[in-house]
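Protein chains in written order, with my numbering: chain A, 1 to 304; chain B, 1 to 304; chain C, 1 to 259; chain D, 1 to 259.
Hints in this document: simulated from the structure, not taken from any laboratory.
Take the hints with a grain of salt, since some may be wrong.
Simulated restraints on C-beta separations [said to hold, decoys possible]:
(1) D:Pro70 / A:Met1: 37 to 43 Å
(2) D:Gly214 / A:His294: 18 to 24 Å
(3) C:Gln219 / B:His248: 17 to 23 Å
(4) B:Arg96 / D:Pro70: 53 to 59 Å
(5) B:Thr273 / D:Asn44: 29 to 35 Å
(6) A:Glu205 / D:Thr241: 29 to 35 Å
(7) D:His41 / B:Gly282: 52 to 58 Å
(8) B:Thr273 / C:Gly214: 53 to 59 Å
(9) A:Lys292 / D:Pro242: 48 to 54 Å
(10) A:Tyr296 / C:Arg246: 52 to 58 Å
(11) B:Leu94 / C:Glu236: 31 to 37 Å
(12) B:Thr273 / A:Ser149: 46 to 52 Å
(13) B:Gln262 / C:Pro253: 43 to 49 Å
Derived coverage of chain C by chain B (criterion: at least 3 residues anywhere in the stretch with Cβ under 8 Å from a Cβ of chain B; other residues may be distant) [as the list claims (entries may be wrong)]:
(14) 29-36
(15) 44-52
(16) 177-187
Sample of chain D residues with no beta-carbon within 12 Å of chain B, all distances over it, derived [said to hold, decoys possible]:
(17) Thr4
(18) Thr40
(19) Asn44
(20) Glu61
(21) Ser80
(22) Pro145
(23) His254
All C-beta atoms in this analysis are idealised placements derived from N, C-alpha and C, irrespective of residue type, glycine included.
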Amino acid sequence: MSKLLSMTEAIRRYVPDGASVALGLALEPCIPFAAGHEIIRQGRRDLTLIGPISDILFDQLIGAGCVAKIQAAWVGNVSEGLGHCYRRATEQALPRSIVTEDHSNFTIGLALRAASLGAPYIPTRSLLGSDLPRKNPTFLQASSPFDGSPLLLVPALQPDVTILHVQRSDEDGNAHLWGSLGICQEAMLAARQVIIVAEEIVPREVITSDPNRVIGPSYKVCAVVHEPWGAHPSAVQGYYDRDHQFYHEYHTRTRTPEGFQQWLDEWVLGLKTRQEYMAKLGPARQGALGVKEHRYAAPVDYGY
Amino acid sequence: MSKLLSMTEAIRRYVPDGASVALGLALEPCIPFAAGHEIIRQGRRDLTLIGPISDILFDQLIGAGCVAKIQAAWVGNVSEGLGHCYRRATEQALPRSIVTEDHSNFTIGLALRAASLGAPYIPTRSLLGSDLPRKNPTFLQASSPFDGSPLLLVPALQPDVTILHVQRSDEDGNAHLWGSLGICQEAMLAARQVIIVAEEIVPREVITSDPNRVIGPSYKVCAVVHEPWGAHPSAVQGYYDRDHQFYHEYHTRTRTPEGFQQWLDEWVLGLKTRQEYMAKLGPARQGALGVKEHRYAAPVDYGY
Amino acid sequence: MEYTPRELMVVCAARQIRDGERVFVGMRLPLLAFALAKRTHAPNCVGIFETGLIRDTPARELLYTMGDAPNICGALWATSTINVIGLMAAGEIELGFIGGAEIDRYGNLNTSLIGNWQQPRVRLPGSGGGADIASLAQRLAIIMPHERHRLRERVDFVTSPGYGYPDEQGPAGVAWRQRVGLPRGGPAVLITTLAVFTFDPTTGEALLQSYHPGSSIEQVQEQTGWPLRLAPDCAETVPPTPEELRVIRECDPHGVWTS
Amino acid sequence: MEYTPRELMVVCAARQIRDGERVFVGMRLPLLAFALAKRTHAPNCVGIFETGLIRDTPARELLYTMGDAPNICGALWATSTINVIGLMAAGEIELGFIGGAEIDRYGNLNTSLIGNWQQPRVRLPGSGGGADIASLAQRLAIIMPHERHRLRERVDFVTSPGYGYPDEQGPAGVAWRQRVGLPRGGPAVLITTLAVFTFDPTTGEALLQSYHPGSSIEQVQEQTGWPLRLAPDCAETVPPTPEELRVIRECDPHGVWTS
Chain A
1 MSKLLSMTEA IRRYVPDGAS VALGLALEPC IPFAAGHEII RQGRRDLTLI GPISDILFDQ
61 LIGAGCVAKI QAAWVGNVSE GLGHCYRRAT EQALPRSIVT EDHSNFTIGL ALRAASLGAP
121 YIPTRSLLGS DLPRKNPTFL QASSPFDGSP LLLVPALQPD VTILHVQRSD EDGNAHLWGS
181 LGICQEAMLA ARQVIIVAEE IVPREVITSD PNRVIGPSYK VCAVVHEPWG AHPSAVQGYY
241 DRDHQFYHEY HTRTRTPEGF QQWLDEWVLG LKTRQEYMAK LGPARQGALG VKEHRYAAPV
301 DYGY
Chain B
1 MSKLLSMTEA IRRYVPDGAS VALGLALEPC IPFAAGHEII RQGRRDLTLI GPISDILFDQ
61 LIGAGCVAKI QAAWVGNVSE GLGHCYRRAT EQALPRSIVT EDHSNFTIGL ALRAASLGAP
121 YIPTRSLLGS DLPRKNPTFL QASSPFDGSP LLLVPALQPD VTILHVQRSD EDGNAHLWGS
181 LGICQEAMLA ARQVIIVAEE IVPREVITSD PNRVIGPSYK VCAVVHEPWG AHPSAVQGYY
241 DRDHQFYHEY HTRTRTPEGF QQWLDEWVLG LKTRQEYMAK LGPARQGALG VKEHRYAAPV
301 DYGY
Chain C
1 MEYTPRELMV VCAARQIRDG ERVFVGMRLP LLAFALAKRT HAPNCVGIFE TGLIRDTPAR
61 ELLYTMGDAP NICGALWATS TINVIGLMAA GEIELGFIGG AEIDRYGNLN TSLIGNWQQP
121 RVRLPGSGGG ADIASLAQRL AIIMPHERHR LRERVDFVTS PGYGYPDEQG PAGVAWRQRV
181 GLPRGGPAVL ITTLAVFTFD PTTGEALLQS YHPGSSIEQV QEQTGWPLRL APDCAETVPP
241 TPEELRVIRE CDPHGVWTS
Chain D
1 MEYTPRELMV VCAARQIRDG ERVFVGMRLP LLAFALAKRT HAPNCVGIFE TGLIRDTPAR
61 ELLYTMGDAP NICGALWATS TINVIGLMAA GEIELGFIGG AEIDRYGNLN TSLIGNWQQP
121 RVRLPGSGGG ADIASLAQRL AIIMPHERHR LRERVDFVTS PGYGYPDEQG PAGVAWRQRV
181 GLPRGGPAVL ITTLAVFTFD PTTGEALLQS YHPGSSIEQV QEQTGWPLRL APDCAETVPP
241 TPEELRVIRE CDPHGVWTS
């Protein structure tokens, strides 16, 4: 059964106001910018964003006023530093106040892993002595029932929807992801529903030819969106490189609320689709980011 | 740095008397029979065996008197039923008594997963109301500090050595495993040391061409053994099929201690190496088990 | 049309699978039941295997174990065992199949040992994934040979929890499962070589739902270690259709599992 | 030979890596330090990256982020983030690198916020993997710009625990880490634009180990928010060798991270 939808339709149906949304889960690569921009265009409100190190997509969603709460390890601009919209929201409640439940990369991964195992929590010794457990009310400090030693209990976290950008998927949501994995699989397994955004839609046989590379169970997938270059300016291994300059420009232009609004008008609100975005980016820039040298994985035989 | 060793040398160095050894971790396929047979030939004693559903390799090691304790979810002959040596050891202390700490497939996986995360335990709701937690003294029943609900706490389990049979490895222990995975990765990450037994030794570049398929960090690998057909009679995807008949013969012949001893003399003690074992098996049987139809994974491009 | 007891058991098992369901498939007969359901009334069911596999098509060859090569090829996902049991722990698996050496009137299963815990008379292989499936699936289907020493008033060891036992804190059944902390589930059906039982969730007791053609309530009672309670609509088991038998025999042409 | 402050910091960082060690590599300067150590005195060191990577060779191109495509190619393993941080939680990583916006005399780092917790004056990006590395690595190396407002008597928020604080239960230092339950570790070194500090594990206090050429103890004190304690063998930082500079400039020819 095909789950192919346009990005507009996928976001309309499966990312309602108030939803908790996990995205940007591979850390720097494969960030679903196209999905985030559509969320902004549809004016979604009161979202909870879940992620590890999150790059400027979180900053954009915050600046556009879509976000009520952040459950993440880091919010900013990975190659440039601070995220201006995040600072304005948390320091000045501009455009609105947001709640932050700070995690580390490990604890956000453990929270999703716990949900994926049906475990109410996973205990760790990370972050003991840090102020993070004192500021994040979801954590609990307790003694180990085995030896009485101090532990931090990280409770399971179940996103309403996880959005994953992948290299290829079939129409049913059986998807291959490779390269940097971050906490993508944990977030897919933990989620109630999953939106797959794929560079390529391929026949089912391409996916089932290599079931070990599948990221998770397609029965969780509610929508498959075919969106080439949908992760730009982040990288997609085997498809395009990271556009470092784009992050730099964003950082420079969004220092003021007015600058952010202009950037948003230019790159999100003023464009209806990812096709328009790519046309604006232009073929020269695409060419510069494209694959220069193919590096194919060694053959693997599943035969018998 | 090459870690290539003969099986004899790898077992001599890294599986001492009294060690806890995880093996047979992919469930039915990729069982390191060659390693187990060498353990028997070297007369290793007082081992603790760790595994999920374990097939007849556990039964053989028990029958040969190598084992003091079992931490596993199931011990027998997967396609035939009971394991006769396991029964004799647990019912009649023949050839010696063994301690059994029974797990389920989930709890043995969680125990290794906990160790791999440096977590002292992982809580679960599986097995509540079962007698397994009452019989296995390593489990603890406790209330959730979050909501007071009953939980089973599965403590971390760290094998001294995990033995994995894989399709291919480089000399340093960077290894590709595909097909059925079971709890192989959890057991590799949890272990103090790892012995890799590989169908093929390949150049490092073959492995690094596909880093997502690597099973775990090679710094944990203490020995790499090149042992083609080392998993027979279990299957290795892409190399050979399961030899169901062999399991049937084992089941039939080992009903009595004498029958087991004859079988052991014939297939283990009377053969010095895996090469002799394969010669005894014969080319016709190898041919019948070999790959009839190759099924290659779809190409994957890591280029940029 | 002639059929074997095991063929009928496969048919009864397949009928437990509803279309679109996610099914935790066990070894042997459930492998065939999944294939049969898939090709008849439940084309959209999905099979999950504890070796770490998800499939929405049956394997193209007979399987001796769920880790056999033909079960990997065509799988939708091949991953870690704890990933797939984790999905079940999170409540996402509707139906699970298990077998057992012994069962009692409350659906508690024993696959661990017979006799004394410390010095058992018979040591059985253990849980495998059985205790997990019994604990975590939304519904449990149990498949067993029907012999009086296997269907007992009370098992020596509860490997896979059914509906527990009445105790000072309350009755067996769903209430018991809640008491001990199990998140959901419980036996929905017990399929034997002679009969099909369902369960009363409020008391946890097995109810004779149907007796197989050629058997009878009396014969079932004779081979059952507890006094039977009948389901209100207890009747003869509906025999396999020719179509069902045809599919089973395609899947297991030499009767490896069904003869 | 001329060099920039950041080049010297990379050299100091690389010198912390011993041959054969497993190093949790952070962003920016540690990426270069790993490459430098690998090509000079520590050819057998292994780099672990929180995006889920293990490498024993530096990437063949300059990295802007650790998830960049050149860092994947040639990796020994590309896996989940929690798998690699899990190795560190299990005690298998000898050395970790992190940066910070603020640090105090006990090596506690703040990358979360400045000012009031509820209404911060400056909201910083947060922990990332920093708090995990500070908690779980066997030794911690910290790299920061040296400015008086960054090296404070006490930070506003402890994101990444160093040696804590003296309190009614005992001193700062290793004893504090044991008190709060951290399994190991603690800051081994703080490398700044002006100096290198080591730490006294019994008191947890930073000790000025060396001041960079062109700087002085007085200048370091001026830019440090606590009264300096000197290591017994405090001296000038050994400058980069021409070979070290050559390698750094090969890795970062345009000075993206080192200018």
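Verification of the hints:
Under the hint 37 to 43 Å, the C-beta atoms of Pro70 of chain D and Met1 of chain A, about 39 Å apart, fit the expected range. Hint check: Gly214 of chain D to His294 of chain A, Cβ distance near 48 Å, so the stated range 18 to 24 Å is violated. Separated by about 32 Å at the C-beta atoms, Gln219 of chain C and His248 of chain B break the suggested range of 17 to 23 Å. Taking 53 to 59 Å as the suggested C-beta distance range, the pair Arg96 of chain B and Pro70 of chain D conforms, at roughly 56 Å.
A hinted range of 29 to 35 Å holds for the C-beta pair Thr273 of chain B and Asn44 of chain D, which are about 32 Å apart. For Glu205 of chain A and Thr241 of chain D, the Cβ-Cβ distance of about 57 Å falls outside the hinted range of 29 to 35 Å, so the restraint is violated. Between His41 of chain D and Gly282 of chain B the beta carbon distance is about 55 Å. The supplied range of 52 to 58 Å therefore holds. Restraint check, Thr273 of chain B to Gly214 of chain C: a C-beta distance of roughly 55 Å satisfies the suggested window 53 to 59 Å.
Range check, Lys292 of chain A to Pro242 of chain D: about 33 Å between beta-carbon atoms, so the 48 to 54 Å window is missed. Roughly 45 Å separates the CB atoms of Tyr296 of chain A and Arg246 of chain C, a value that falls outside the hinted 52 to 58 Å. For the hinted restraint 31 to 37 Å between Leu94 of chain B and Glu236 of chain C, the CB-CB distance of approximately 48 Å leaves it violated. Our hint of 46 to 52 Å for Thr273 of chain B and Ser149 of chain A holds, since their Cβ atoms are close to 48 Å apart.
At roughly 34 Å, the beta carbons of Gln262 of chain B and Pro253 of chain C sit outside the given window of 43 to 49 Å. Residue count for the stretch 29-36 of chain C with a Cβ under 8 Å from a Cβ of chain B: 0. That is fewer than the three needed, and the coverage hint is violated. Coverage of the stretch 44-52 of chain C by chain B holds. Counting CB-CB distances below 8 Å, 3 residues qualify, and the rule asks for three or more. Against chain B, the stretch 177-187 of chain C contributes 5 residues with a C-beta closer than 8 Å to a partner C-beta. That satisfies the three-residue criterion, and the hint holds.
Residue-level check passed: Thr4 of chain D sits 29 Å from the nearest beta carbon of chain B, beyond 12 Å. No Cβ of chain B comes within 12 Å of the Cβ of Thr40 of chain D; the nearest lies about 19 Å off, and the non-interface call holds. Against the 12 Å criterion, Asn44 of chain D falls within the reach of chain B, whose nearest CB is about 8 Å from its own CB. A cut-off of 12 Å between C-beta atoms contradicts the statement that Glu61 of chain D is not in contact with chain B; the least separation is 9 Å.
Its closest Cβ contact with chain B, about 10 Å, brings Ser80 of chain D to no more than 12 Å, contrary to its assignment away from the interface. Listed as outside the interface, Pro145 of chain D is consistent with that label: its C-beta sits roughly 32 Å from the nearest C-beta of chain B, beyond the 12 Å cut-off. Residue-level check passed: His254 of chain D sits 19 Å from the nearest beta carbon of chain B, beyond 12 Å.
Violation of the numbered hints given earlier is confined to hints 2, 3, 6, 9, 10, 11, 13, 14, 19, 20, 21; the remaining hints are satisfied by the structure.
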